[in-house]
Amino acid sequence: MKRLVNLTPSKPARVLLGLLPFALILLLYVIASDARLEANPNDKLLPSFEQMGDAISRLAFEPSKRTGEYLFWQDTLSSLTRLGLGIGIAALIGFSLGLLTGALPTAYAPLAPLITVISLIPPMALLPILFIVFGLGELSKVALIIFGVAPFIARDIQRCTLEIPREQLIKAQTLGASSWHIVWRVLVPQLMPRLINAVRLSLGAGWLFLIAAEGIASTDGLGYRIFLVRRYLSMDVILPYVAWITLLAFIIDWLLAKTSQLAFPWHHQGGKA
Amino acid sequence: MIEIKNLWKEYGDNVVLEDISKTVNDGEFVTLVGTSGCGKSTFLKMLLGMESPTRGQLLIDGQPIPDEPDQSRGIVFQQYSVFPHLSVLENVMIAREFERAPLLGKLFGGRKKQVREEAHALLEKVGLTPAADKYPHELSGGMRQRLAIAQALIRKPKVLLLDEPFGALDPGIRADMHQLILELWREHNLTVFMVTHDLSEGFYLGTRLWVFDKVRHDPQAPGAWGAQITYDLPVGEIPADALAQMQQNINKSEESNITGESA
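Note that the protein sequences, when read in sequence, are chains A and B. Counting from 3, one number per residue, gives the positions in the first sequence under our numbering. Counting from -2, one number per residue, gives the positions in the second sequence under our numbering.
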């Protein structure tokens, strides 16, 4: 018998083992749901898959009686727009600040302590201020995501910039590069895959801020919907919405990872040369 | 011509180099050896412009060496001196792009083609033509150093600085690299300064061998005295037993230095 640390499951076994917990959770859910519904057909806590399917097809494929919109898709579009805007702007700000402070000591001196302090402010504590300053519209929700994510990206990019071997920067200077050349041709291309990585890591936080902001003040969006139907204990809507949000998060993450692998093969295959 | 006049380098109380005076003519190939922490890398950094002398002067053609690196002095480090995000060809071309495209740092069309041809010719010389489209992480250690050398030469520097360039390579490959660097040195009429740990390398490469060592040593204050150039030998006239003796000395003081400083 080999030691446990040397025991590696074969590839099909790994796939099966990976799927096993999901199957178990589903099975457990179905059993519990059946048991509750048998005792009380009007139970709302653990709806059957059929009930969830009905609720979602109502939201996704029938126009709302009140507004005529397909609520499920409208919610998805609104939420993704906010998330995309928030994360996009945060990435732009974070990348610029991180690059600037990482590359130029004269920018690091005044800005780095400020970025560190700002990144320590709990963004949710800023939400009331954002609502007061920007109102309850789109801007404050996007601003919350930016405040929550940009300092993290800035610090991550700053760290990555400082980690690029000094030898490379010196070599570039001996090849006649100006500061601008070094930033544009040496640092920026090498930081792009790191930016994608930072965005992937910050997407979880981005979703958190999005759903929190939508839950508190909004008229549509995935977060708004689940907070709204909570009042009616509509688990048949909440559970599929949560699954949908998870799926969206997974797809975005996967797309970013693939993009990075295709666009920057030198980063994923190799060392620092 | 490079003139070193009464050069001192100190970090606070720690004297690294003391009172060095030498003259190096154009086209000389100087090999710098010595224990680790004896200041030979600091000396190379001063030639590069990353460090400035505490006292004394370091002149190149009568002018003080600029206080930041520039294209008149090329450098090859032991590692990390090529750009991982550029192909071999682009790594060589980028120097010309820095020179000719101050705003974009990138050339297009006919101007790019011209630089590409120049870069190809240089790659041919260092034997990297088949690898022109590969990325540095796909190259072996020796090929990567060939690339670093080609890159350093495209701007035609007068001075080439080598900081233990072959330290991480296998002995067989190292011999090939010696051949290459000697050829390029003659062809481009370079002044070369090479720091190495391997005394035999200094023994037959180039024209001059400098041994850095501390003449005086105070065990209570290891930083009180700096290193000087204790031997300045024309290469080719060093008897083999003297070489063995020197290697032994270096190894010995290397051991005694382990408990001492690191610089």
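Hints were generated in silico from the structure; no laboratory data involved. Computed from a predicted model, the values in this text were never measured in an experiment. Check the hints yourself; a few may be wrong.
Just the calculated beta-carbon pair ranges, DEER-fashion [what the hints assert, rightly or not]:
id	chain 1	residue 1	chain 2	residue 2	range
1	B	121	A	122	34 to 40 Å
2	A	136	B	103	39 to 45 Å
3	A	186	B	180	45 to 51 Å
4	B	127	A	20	32 to 38 Å
5	A	245	B	108	28 to 34 Å
6	A	98	B	108	28 to 34 Å
7	A	171	B	16	28 to 34 Å
With a straight-line cut-off of 30 Å between C-alpha atoms, the simulated DSBU-like cross-links for lysine-lysine are [as the list claims (entries may be wrong)]:
id	chain 1	residue 1	chain 2	residue 2
8	B	110	B	131
9	B	155	B	103
10	A	260	B	131
11	B	2	B	19
12	B	131	B	109
13	A	260	B	103
Heads up, the beta-carbon is just placed ideally off N, CA and C, and yes, glycines get one too.
Item to check | Violations among the numbered hints | outcome: Of the numbered hints given earlier, those the structure breaks are 1, 3, 4, 5, listed in rising order.
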